[in-house]
Each structure stands twice: as C-alpha cells, then as structure tokens.
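Taken in sequence, the protein lines are chains A and B. The first sequence begins at 1 in the numbering used here and counts up by one. The second sequence begins at 1 in the numbering used here and counts up by one.
Source of the hints: derived by calculation from the structure; they are not laboratory data. Errors might be hidden in some of the hints.
List time: in silico DMTMM-like cross-link candidates among lysine to aspartate or glutamate, alpha-carbon distance up to 20 Å [claimed, not checked]:
{"id": "1", "chain 1": "A", "residue 1": "235", "chain 2": "A", "residue 2": "249"}
{"id": "2", "chain 1": "A", "residue 1": "2", "chain 2": "B", "residue 2": "54"}
{"id": "3", "chain 1": "B", "residue 1": "30", "chain 2": "A", "residue 2": "360"}
{"id": "4", "chain 1": "A", "residue 1": "3", "chain 2": "B", "residue 2": "28"}
{"id": "5", "chain 1": "A", "residue 1": "16", "chain 2": "A", "residue 2": "184"}
{"id": "6", "chain 1": "A", "residue 1": "2", "chain 2": "B", "residue 2": "28"}
{"id": "7", "chain 1": "A", "residue 1": "3", "chain 2": "B", "residue 2": "147"}
{"id": "8", "chain 1": "B", "residue 1": "89", "chain 2": "B", "residue 2": "112"}
{"id": "9", "chain 1": "A", "residue 1": "3", "chain 2": "B", "residue 2": "55"}
{"id": "10", "chain 1": "B", "residue 1": "88", "chain 2": "A", "residue 2": "249"}
{"id": "11", "chain 1": "B", "residue 1": "119", "chain 2": "B", "residue 2": "102"}
{"id": "12", "chain 1": "B", "residue 1": "164", "chain 2": "B", "residue 2": "102"}
{"id": "13", "chain 1": "A", "residue 1": "3", "chain 2": "B", "residue 2": "112"}
{"id": "14", "chain 1": "A", "residue 1": "327", "chain 2": "A", "residue 2": "184"}
{"id": "15", "chain 1": "A", "residue 1": "297", "chain 2": "A", "residue 2": "347"}
{"id": "16", "chain 1": "A", "residue 1": "327", "chain 2": "A", "residue 2": "360"}
{"id": "17", "chain 1": "A", "residue 1": "228", "chain 2": "A", "residue 2": "178"}
{"id": "18", "chain 1": "A", "residue 1": "2", "chain 2": "B", "residue 2": "102"}
{"id": "19", "chain 1": "A", "residue 1": "2", "chain 2": "B", "residue 2": "55"}
{"id": "20", "chain 1": "A", "residue 1": "3", "chain 2": "A", "residue 2": "184"}
Distance windows between CB atoms, simulated [claimed, not checked]:
{"id": "21", "chain 1": "A", "residue 1": "110", "chain 2": "B", "residue 2": "159", "range": "55 to 65 Å"}
{"id": "22", "chain 1": "B", "residue 1": "55", "chain 2": "A", "residue 2": "360", "range": "31 to 41 Å"}
{"id": "23", "chain 1": "B", "residue 1": "85", "chain 2": "A", "residue 2": "244", "range": "36 to 46 Å"}
{"id": "24", "chain 1": "A", "residue 1": "127", "chain 2": "B", "residue 2": "44", "range": "44 to 54 Å"}
{"id": "25", "chain 1": "B", "residue 1": "85", "chain 2": "A", "residue 2": "313", "range": "31 to 41 Å"}
{"id": "26", "chain 1": "B", "residue 1": "55", "chain 2": "A", "residue 2": "194", "range": "43 to 53 Å"}
{"id": "27", "chain 1": "B", "residue 1": "80", "chain 2": "A", "residue 2": "127", "range": "47 to 57 Å"}
{"id": "28", "chain 1": "B", "residue 1": "101", "chain 2": "A", "residue 2": "183", "range": "35 to 45 Å"}
Which chain B residues stay away from chain A? Per the calculated CB distances, all over 12 Å, these [stated by the list, open to error]:
{"id": "29", "residue": "35"}
{"id": "30", "residue": "102"}
{"id": "31", "residue": "171"}
{"id": "32", "residue": "172"}
These numbers were taken from a predicted model, which means no experiment stands behind them. Glycine included, every Cβ here is placed at the ideal spot set by N, Cα and C.
One letter stands for each residue in the lines below.
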Amino acid sequence: MKKIATGNKAIAEAVKQALPEVVAAYPITPQTEIVETIADYVTSGQMKSRYIPVESEHSAMAACIGASITGVRTFTATSAHGLLYMHEMTNWAAGARLPIVMANVNRSLGPGWNIWAEHTDAMQERDTGWLQVYVSTVQEAYDTTLMAFRIAEHNDVLLPVMVNLDGFSLSHIMQPLDTVEPGDFIPKIHLPHAIDTKNPTGYGGLTGPDQHFRFRWEIERSMRDSEKVIAATEKDFAKRFGRSYGPTENYRCEDADVILIAMGTLGKEAEVAIDILRNEGIRAGSMRLRWFRPFPKLELAGKEVIVIDRDYSFGYGGIVAHEIMAKCHCDVFSVIAGLGGQEVTYDDIAEFVRKRRIGDEFWFGVTNHV
Amino acid sequence: MFEIRIHSRGGQGGVTAARLLATAALHDGKYATACPFYGAERRGAPVVSFVRIDDHPIKVYSQIRDPDLVVVLDASVMETVDVLHGLKKGGRVLINSAHTSEFAGYTTFNVDLTGIALKEKLVVAGSPILNTPVLGALAKMGIVTVDSAKTAIRGMFTDERNVKAAEAAFQEMSA
C-alpha cells in the first residue's frame, strides 16, 4: 500500500512488521519519532512486543543485550550523543554475537550544539563489529530495516546491524512509502548460543590471551561471510517485492571517467548533479555507498574519484575518502560537506566535480583553509 | 518539478498542509516529497515548509530556492518575512486573506481560509484550522485534483467538517 511517510515512521513500520519481542529505547532528537511510534504500537496492541523505557542509551543497549542473549529478536534506535553513550555496550553486543538491529539517525555531535545530519556519530562506531548501512530514501529506510533483521540473525552472521539515516533530511522528510507483507521473508530467529532461562547457569566470561584473538577472528570471519548473506537477502527481497539494492547504488557509472562517492541523502541528490554534468559533456557517475561495514569491493581502477564526507577524523581527513584510498589503492578528491546539516545542493555537488583536484582536500563553505 | 513553499506560524498546521498536499499528489499518481524546515521552532514564530511534486521520483533533499508557488497561511508573516524571496518569474502566490492583494509580476490568489474555518467551526485550542481548507484552494489552482484533496484529508482526519471547509475554499476562491 502506498502512502506518505517520514523516514522515522518508515523505520517504525518495518519494525512493527519484523515484530521484535523486545524494544528498549531512550528518545533523542531527531530519532524520537521512531521509538514514540513503536511505543504507541505496543500500547495500542498493534505490536505484541515488550517495550522497555529505560533511563539512558547505555541501559537501552544493555537491555537489548540481556533480551537478545535469551534468543529473542530485539530492536533499538538512537542518534548522536545517544549512540556514543551506548558505545561500551555496542562493543559488547557485537562481541557477544547478538543480532540486535538498531536505527541510528545520523546527527552531529556537540558542542556546538547541533541536531542536524552528520555521519561522524556512526563513524565512531566503525570498529565495534556492527554491520553498518546508510540509506537515502524513506522507501529504502523501510526496506533495509526489514532486511537488517534477516541479515543480523542469519547464523552465518550473528552480528548486530545499524541502519543509518540522515537526521531531518531523511528522518523527517515525507516521501511515498510502499509497504509490503513480509510473510516468511524474515525467518524465525534461532540463536545457537541463547541462554537457557529455565536452567540458569553461570560461567566465567574471561577469555585468556590464548583464546581472545580467536573470538576476534570469528567476528571478522562472520563480517566477511555477511557479504554473501547481504547479497542473498537483497536478491530475495528484489524477487519478492520488486526493489533491488546492493552494496552501492550505481548511477550512470558504466562509461564514467569520473566517479562521485557519497552516502545517505547527499548520495541520492548527487544523481541530479550527475545528470547536469552529463549534459555538459562530463562523463560522471554516482556510486552511492550503502554498506560501509562490511566495506564493499569498489571497481574504481582508472577512474577519477571524488568522495564527499559528511564526517571527519581530525588530524587525518574525511573518513570515507581515506577508507576508499586505502582499500582501493587510489587517490581521491576529498570533499568535506554537509557537516551539522550544512545545506549542500545538487549544484554544489556538480561544482565539486567540475573543480576536482585529485589528491586534494576541500572543505565546502570554508574559505580560509589551505 | 513543481516546487511549493508554505509560510505559516508555528502551530498553524503548515507542516500538516504540506503533508496533505503531498498525499493528495500521490493519490493523483504523482511523486511528492514534503518537508518542514527544522530550526528552533516556537509556537507563533514564522516557519516554512516545502512540497515538491513531479512525474518522476524526486531525488532532491536540499531546500527549495526558487519555488513555483508560495502559499501564505498567515498574512501577518509578511511583515517580517519576504515571502516572495526566490519566487520564479511569473510564479503564483496564494494568500489566506479576507482582503485582495496583488504582487507585480506574480499571479496572486486570495482566499479567506480563516473565515471559512470559523464558519465551519473548525477551531482547535482557539485557533482556526487552515491546513485542510487550503487544500481546496490548491485544488482550484489545479495543483492537485479535488478528489485527491478530499481523499488525503479523509485519510488523516475523521471530522467531515475538514472536507466541507476544503470544498468551501474551492467554491469561494476565484481562479
């Protein structure tokens, strides 16, 4: 059924259909509408889940961990400072191999106090062992959330998944949403290492120097295996519901000499810029990065690459740009744009491409940088 | 792509008007997006929201810079806000007003939405509801069909006076 919905509502709708047994969350702008809507579904009986209102994000993730380890489906949502407050527990969730699904509404970190879109919050969770995906439309937010449960809970993965959407520019925009009947698309959860609540037993959780690295490697092995699970899940989704996704969304890349890479809503608006550039005779294409962990293999050999980062690693550079440079052994034009919701139009994006200086870094809107 | 900017005051329903308009466009078989500009909103402060309507999926997230149509739900915002800012040459302006105003270079439509809301007793917490009657005026201008406008309103509100108010705006406004 087609309707108009915000990105936040789309996520809540997908969660309602995936029916986690436990949702534990703490509200934070611009994510609040997700957990508010889910809380409403639960209290009105539309969703037979346990909703645990907690006193902090650290507790939200702790409650999800506690629930998940009993083998039930769990969900939470957060943003920015809330995500950072969870940080200790997000590491725990991945290390304990718990398939928790979380929506993170990407927002800048204060101070200065700012509630608008930026990816630095999720980037600070980069090395936790969570799968990370960035979406660009209300429809994609919904579809990807449904897929996230199946991917996380797949026994070749058993890692948590973070679905990222841009604060306000996607969380609050209203776009058409076509909901589906998931049916058996998301199989019943089976956690092989679930605790037996009827026969509670305690073990020491210490892993010594002769063991710990094995557990770390197991996370990495599952992260690598998750690529196949993601691909199979996206393929089955396309077969059942007619919408296909991949590790990247490629737009006019086939014959492109210049490839523009961005994530989230900027990556979608970039397609408009590509059309403008094509009309000017510049053979450009857009490669919107969807999955950030596991980081996909990108075909960039022989291309001029421009990366827009809506994030930054101080003292180093644009995070996505540097990941691409290292992973793809190429040099890029690194553009830092859209921090804290900075307005970036398709005309601006087209101008980044026209004025590309491979090997250089450019802060959009900053005039006095070197 | 047809771009609309709606001026109102916080709490007057500008965001809901944008949502209703996008929903009506969807019922017309078009693609539409609606978004408010989120800043430090306060009840009563001038606010804007945006609607885009197109025959193709809409990929633009940045703010509307040069709208085709400006809707002013509260004429008093014009004392402090330049509502014509960026409006395309020959663009249209729809103003909620009992008086007739004209802007050189633009086609202006006047309709007394407040009067219509009061007549239909569409008042919440002492404020007349403007976001449903304005759909009738927009239908008269041909932005959406009147049937889709009504379907959108009924999808969001059970009180049939909202539809009656939209119909009244459709009748009263001279296009």
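Against the structure, the hints come out as follows:
Under the criterion of a C-alpha separation no larger than 20 Å, the hint pairing residue 235(A) with residue 249(A) is consistent with the structure, at around 14 Å. A hinted pair counts as satisfied when its Cα atoms are at most 20 Å apart, and residue 2(A) with residue 54(B) qualifies at roughly 16 Å. Of the supplied pair hints, the one linking residue 30(B) and residue 360(A) is violated, its CA atoms being roughly 42 Å apart against a limit of 20 Å. A C-alpha spacing of about 12 Å is found between residue 3(A) and residue 28(B), which places the hinted pair at or below 20 Å, so the restraint holds.
For the hint pairing residue 16(A) with residue 184(A), the CA-to-CA distance comes to about 15 Å; that is within 20 Å, so the pair holds. Between residue 2(A) and residue 28(B) the CA atoms are separated by roughly 12 Å; this keeps the pair inside 20 Å, and the hint holds. Distance hint between residue 3(A) and residue 147(B) is fulfilled; the C-alpha atoms sit about 16 Å from each other, no more than 20 Å. For the hint pairing residue 89(B) with residue 112(B), the CA-to-CA distance comes to about 25 Å; that exceeds 20 Å, so the pair is violated.
With a C-alpha separation of about 16 Å, the suggested pairing of residue 3(A) with residue 55(B) holds against the 20 Å cut-off. This hinted pair does not check out: residue 88(B) and residue 249(A) have alpha carbons roughly 33 Å apart, beyond 20 Å. With a C-alpha separation of about 26 Å, the suggested pairing of residue 119(B) with residue 102(B) is violated against the 20 Å cut-off. Annotation: proposed proximity of residue 164(B) to residue 102(B) is violated, straight-line Cα distance about 28 Å (limit 20 Å).
Taken as a hint, the residue 3(A) and residue 112(B) pair is broken in the structure, with Cα atoms around 30 Å apart against an allowance of 20 Å. Between residue 327(A) and residue 184(A) the alpha-carbon distance is near 37 Å, which puts this suggested pair outside the 20 Å criterion. Restraint check for residue 297(A) and residue 347(A): not satisfied, since their Cα atoms lie roughly 29 Å apart, outside the 20 Å limit. Our distance criterion of 20 Å between C-alpha atoms is met by residue 327(A) and residue 360(A), whose separation comes to about 18 Å.
At most 20 Å may separate the alpha-carbon atoms for a hinted pair to count; residue 228(A) and residue 178(A) exceed this at roughly 26 Å. For the given pair, residue 2(A) sits about 39 Å from residue 102(B) by alpha-carbon distance, which is inconsistent with the 20 Å threshold. With a CA separation close to 16 Å, the supplied pair residue 2(A) and residue 55(B) stays within the 20 Å bound. For the given pair, residue 3(A) sits about 23 Å from residue 184(A) by alpha-carbon distance, which is inconsistent with the 20 Å threshold.
At about 42 Å, the beta-carbon gap between residue 110(A) and residue 159(B) misses the expected band of 55 to 65 Å. Between residue 55(B) and residue 360(A) the beta carbon distance is about 39 Å. The supplied range of 31 to 41 Å therefore holds. Restraint check, residue 85(B) to residue 244(A): a C-beta distance of roughly 41 Å satisfies the suggested window 36 to 46 Å. Between residue 127(A) and residue 44(B) the beta carbons are some 47 Å apart, a value that agrees with the proposed interval 44 to 54 Å.
With their beta carbons about 38 Å apart, residue 85(B) and residue 313(A) fall inside the hinted range of 31 to 41 Å. A beta carbon spacing of about 51 Å between residue 55(B) and residue 194(A) agrees with the range 43 to 53 Å that was offered as a hint. As the Cβ distance of residue 80(B) to residue 127(A) is approximately 49 Å, the hint placing it in 47 to 57 Å holds. Distance hint check for residue 101(B) and residue 183(A): the Cβ-Cβ separation is about 56 Å, which falls outside the suggested range of 35 to 45 Å.
Distance check for residue 35(B) against chain A: the nearest CB is about 4 Å away, which does not clear 12 Å, and the non-interface claim fails. Remark: the non-interface label on residue 102(B) is consistent with the geometry, its nearest Cβ contact in chain A lying 32 Å away (cut-off 12 Å). With a least beta-carbon separation of about 26 Å from chain A, residue 171(B) lies farther than 12 Å from that chain, consistent with its non-interface assignment. With a least CB separation of 27 Å from chain A, residue 172(B) remains clear of the 12 Å interface cut-off, as annotated.
Hint compliance for this structure: hints 3, 8, 10, 11, 12, 13, 14, 15, 17, 18, 20, 21, 28, 29 are broken, all remaining hints hold.
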